[in-house]
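Protein chains in written order, with our numbering: chain D, 0 to 320; chain H, 142 to 373; chain F, 5 to 292; chain C, 13 to 424.
Since the hints were derived computationally from the structure, they do not count as laboratory data. Please read these numbers as outputs of a predicted model, since none were measured by experiment. Just so it is clear, CB atoms sit at the ideal spot from N, CA and C, and this is done for glycine as well. There's no promise every hint is true.
Where chain F lies over chain C, by a calculated footprint (3+ residues, C-beta under 8 angstroms) [what the hints assert, rightly or not]: (1) 161–167; (2) 223–236; (3) 239–250; (4) 253–263; (5) 289–295.
Non-contacting residues of chain D with respect to chain F, defined by C-beta distances greater than 12 angstroms in every case (computed) [stated by the list, open to error]: (6) Asn5; (7) Met152; (8) Ile244.
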Amino acid sequence: MLKNFNWKSALYILVIAFILLYPWLGASSYNKHLFILFFIWSIVAANWNLMMGYAGINSLGNIGFMAIGGYTAGILAKSFGIPPLLTVPIAGLVTSLVVTLALGLPALRLSGIYIALLTLIFADTLPSLLTQTREITGGAMGLHEIPPFYPGMDKTGAYYICFVFFLIVLGIIYRVIHSPTGMAFVALRDSENFAYCLGVNKFRERLKVFALSSLLTGAAGGMYVHALGDISPTTLGIEPFLLTIAMIELGGVGTFFGPILGAAVIVFGNEFLRLAGTLRLTLLGALICTIILFYPGGVIQLFHSLEHQIERLLKRKPSTS
Amino acid sequence: MLAIKDLDSYYADLQVLRGVSLHVEEGEVIALFGPNGHGKSTLLKAICGLQPPKRGSIQFKGEEIAGLPAHQIVERGLAYIPEERHLFTDMTVLENLYLGAYPRHARSAVKRNLEYVFHIFPRLAERRNQLCSTLSGGEARMVAIGRGLMSETSLLMVDEPSIGLSPGMKLAVFDAIRQIHQERNMTILIVEQEIQHALEMSNRIYLMKKGQIAFERKGEEIQVEEIEKAYF
Amino acid sequence: MENFVNALVSGLISGSLYAAMALGLTIIYGVSRVFNFGHGVIAVIGAYFTWYLLSNFGVPFLLATLLSMAFMALFGWLLYRFTINPLLKKPNWEFSTVLFMLGAGILLENVVLQIFGPRVKSIPLLAEGALKVAFIQINWHEILLIVIVLVAILALSLFFKYTRTGQAMRAVAQSVPGAQVVGINIEQIFGMTFALAFVVTGFSGILLGTKYYLNPHIGWEWMVKGFVIVTFGGLGSTSGAVVAALILGLVEAVATLYLGAIWVWPIWFVLFLIVLLLRPQGILGGRA
Amino acid sequence: MIPRKPPVWLFIAILISLSLTLSACGGGKAEIKVGAPLPLTGPYASDGEQMLKALQMAVDEQNAKGGLLGRQLKLVTGDVGALEAEKIKAVGERLIGEKVGVVITGYADSGVDARVFGEYDMPFLHADAMTLDTEVVAQDPVKYGNVFQYCPSEVSYGIDAAANLFEMGKKMGWKEPNQKIAIIKVDYSYNILAADKFAELVKAQGYEIVVDEVTQFGVVEWGPILSKIDQAQPAYVTFWNLDPTDAARFMVQFSEKFGEKGLNALVFMQFTPSIPEFLELAGSAAEGLLWTASINPVGAGVEDYKQRWIAKYNEEPKSIYAYVTRDGFDIWVTAVEKAGCVDCYDKVIENIRNTTFAGLAGVHVFTTTDQQSKYGADFIPTIWYQIWDGKNLIVGPTKYQKEQPKLPPWIK
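Just need the whole structure built from these sequences, with the hints factored in.
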């Protein structure tokens, strides 16, 4: 165990410790807000990456999953007074059930870009469904004043609850990636024929990922509405969609830490870029283009090269001194 | 005509060709034998520019062509007929053949070459307006060879032309290749697993193993059994 | 009955607009397998460029269109040469091009916003007046629109069938190694494909601009509809895209008439699902 | 395949430029920050631009006068894009973080900005015209006491239209052929709540809603919906959709369908023709259209303001928000001057509550229940316009009327 303890583990512990202590280190409400967004979006991105990067399901509809979860939790809490401790898991289950049956079963029989387009259209259908059901969902107005996790919750409370959720979901994803199922995905991704020989049932394995990923994304939607209090069809708009895709690609597709790093860059970067006024999106677009052209592996690639350099330094030291 | 020296080629990090050297003289038929996965196809792809080699030299008609893009190599009169055929399946036989004459130098000879292809493969003339996706395996192979001939080539590289064909079709394909060699005095480099047939028509053979040339012989000097033994 | 026929006419008009949205997309995807996620913005740029020439220099419509086509061709070729081409050489090109074009889309959309401002612009109609037959009434502008779209599609299919470059594009579309083997310069053909597709996309932007009006953001909507149509009709198939566009346009009109506008997307989704499950390659797509 | 070494310097350059932009936001201490969440990108950017110009001009003019209580003002803006709740919240949190003394916007809303700024103490003045933002004030006046809407809410459109639309026909000398009404509304609370209020009130008057169509933004082909209108032959066609392109397409296609054939109906729109693009896009198709706006540049001093605007920006003010945003600013300035301090929020808010301010949009007096500007001819009037010769002519109410309404061309 001690042998495994290297500077990297130290770094993880430092980061987690920092996040834990941050509200006590004089974080402004704004910064806490950004961290909450970061926790939730990185979960959405990580699950999306689980589908896209690991299971090879090129879904473009995950924002829709999140919205289904968010609306489910919001309606349950607001109209039926169910406590958030229950609405979040129910939101996840409902999302998983609806999405897997209505979208996963048909979509996974298709291949490649067709899955992408079917899921995209699925997500685009949701706003008109919301309009049709506006007595319950509020239509374009959305749902507001959704009860927080507990009465009188402040930003710090939401911060810690979302952080715990963030750790749990990342833990699940980590386990999944390193489980036999996860290995099967990687085998599928790398060589379909080889995986077939190993007896991997592609459809079933993919359906499992689909169900799990939509479950966690739906739950993230539930967390979102309880932490922030509102949801409306604008959450399904083109910009959140683009930004989440950008998180995954920017961070590094098919890596565990990629989407988390990407979410950090986008959530914090996008907010900082707000200072650039109307040039914000121009700069963001330029940033995405630059990174893809010069860092095709995403930001994680940069970290890997840094890691190598640090490791080289660490190795060299004893011999020189 | 073709002289290869110390060719190294990689597939990702895996070295597939290790210092391959061989030569093909004008009018010769050269057979390249060797077990599967030992670099024969890679060699042909390296020559025609589909998978450029990492090191070494390829001289074609005295000119260095290693590392040139595929289309420039075809324009110099070198045709490669891939094992996978790579036909344009949603086009007719005729369209496929016309596209074979895409290189500039081949355009003036389209009519003559087309007649010649139909002379060698009368069956293609019957099927000229049929989509390639509807052809049988043997017919598709004929289109692939015909498409190669259309490029007004001086060296024809054929990769496993008989693979996956019925015995009768195999014979027809080998006959056609022999006919092309005899009637047009075409230089041919052929990779084949049907050792017997290929050996019969070759002037010389090379045997490749583990990315290297194991040996080179005159066609009449070697027996099928000897080659088969060398595989193991 | 009267309403139904009028709805069909509306559907025909929407359908031809949708076909215009899908054309450029299907050309690029068909040849290079790059899914252009910046498609809508490219159309918007073509339209804005034309609008700029029309309103600031008083250039005649036809000349403005031609100039903007030339600009789009250059733009497409440059974009391919300096960004897509290097990306295509990398192992995960399929998704990196998607993301790159997404990023480029955001970038260009906001460049358009910076240059031309947020206010809505309009491109003048192609013709005034209307044709009346019994109770049916269609504007000449819209008839012209349908005709232009049909002519453009016909011209494209002739180009693909009979010109050397067009044949080479089809060859590349069907088999890249096959095309290399017959001596087609892949990079050159890709470059020309992007130039051609950008011309077509820019041109469609002009047509759409007459009806939709222009703002820097409108392109995303065109793109999403274009995606639906292209998939519905069969990726890479021009004729499939046209058929799909007409079907979806008609379905939209009839659904609006009898059920209400809000039903259009859900019905599209179900239709889409059915078509994809029965024919995963789309209505007229060749291969899955 | 050997991956290319990424140019680390490029990445570092990006990081540095990011942090430079960041550090650039640190400012002086003595100045008062005016926070402004505005839609600067996205579909509402053209209004957002006008709001920004109005606030910039207000701040500049105040500073030229020696500032507010001797302190210079500084405008701090935040882009809320397409009015996504998430963005408004983030922008809100950031403005609060910058310790702004007041938050003013034309509109920045998807129904959440009142909630975001209601959490804090400094005054928040908006002209969202949305019940979603005033109902929270009514529900919790203590918590949301700092939120003011310096215009009436959208339902006032419904109330006003139900009261005056039928009068307009009579003024034209037109007799309604039946009591049928068509409602075409977009799924957006600003429009839907107004339309629903209208429907409720006219039904009580004995009218019948024969077409009730909800759409989403971005309708291109109005044909099928126009066919429904044709079939139902209502006496009134009312259109509630904020998007000027939707509205312009509707009018163009309406006049194509009924221009010659005729339809014995008045056509009414909520607000949208006030967005300048509408007239440009709809052109002659809009002739004869009736519409109302609940905020209008009708107050004293509008002409002078317009001249100052032209002098500063070399162009005319382009939307109603070029004017009305200034009222929000002036109300706050007056209240601060009266209080003699900026940070004494309770005092400032109390002064705003007791405002009687004659501004560019009329006389602002806030209601005690939900703190929105009172609606009415003596307060903030809803003005009736009819479009003739490409111009918006004021046809009501009587106090402001300049022209007599006339029968639209499609009534034969």
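Hint check results:
1. 161–167: violated (count 0)
2. 223–236: holds (count 10)
3. 239–250: holds (count 4)
4. 253–263: holds (count 4)
5. 289–295: holds (count 3)
6. Asn5: holds (30 angstroms)
7. Met152: holds (34 angstroms)
8. Ile244: violated (6 angstroms)
The structure fails hints 1 and 8 (numbered hints given earlier, in ascending order).
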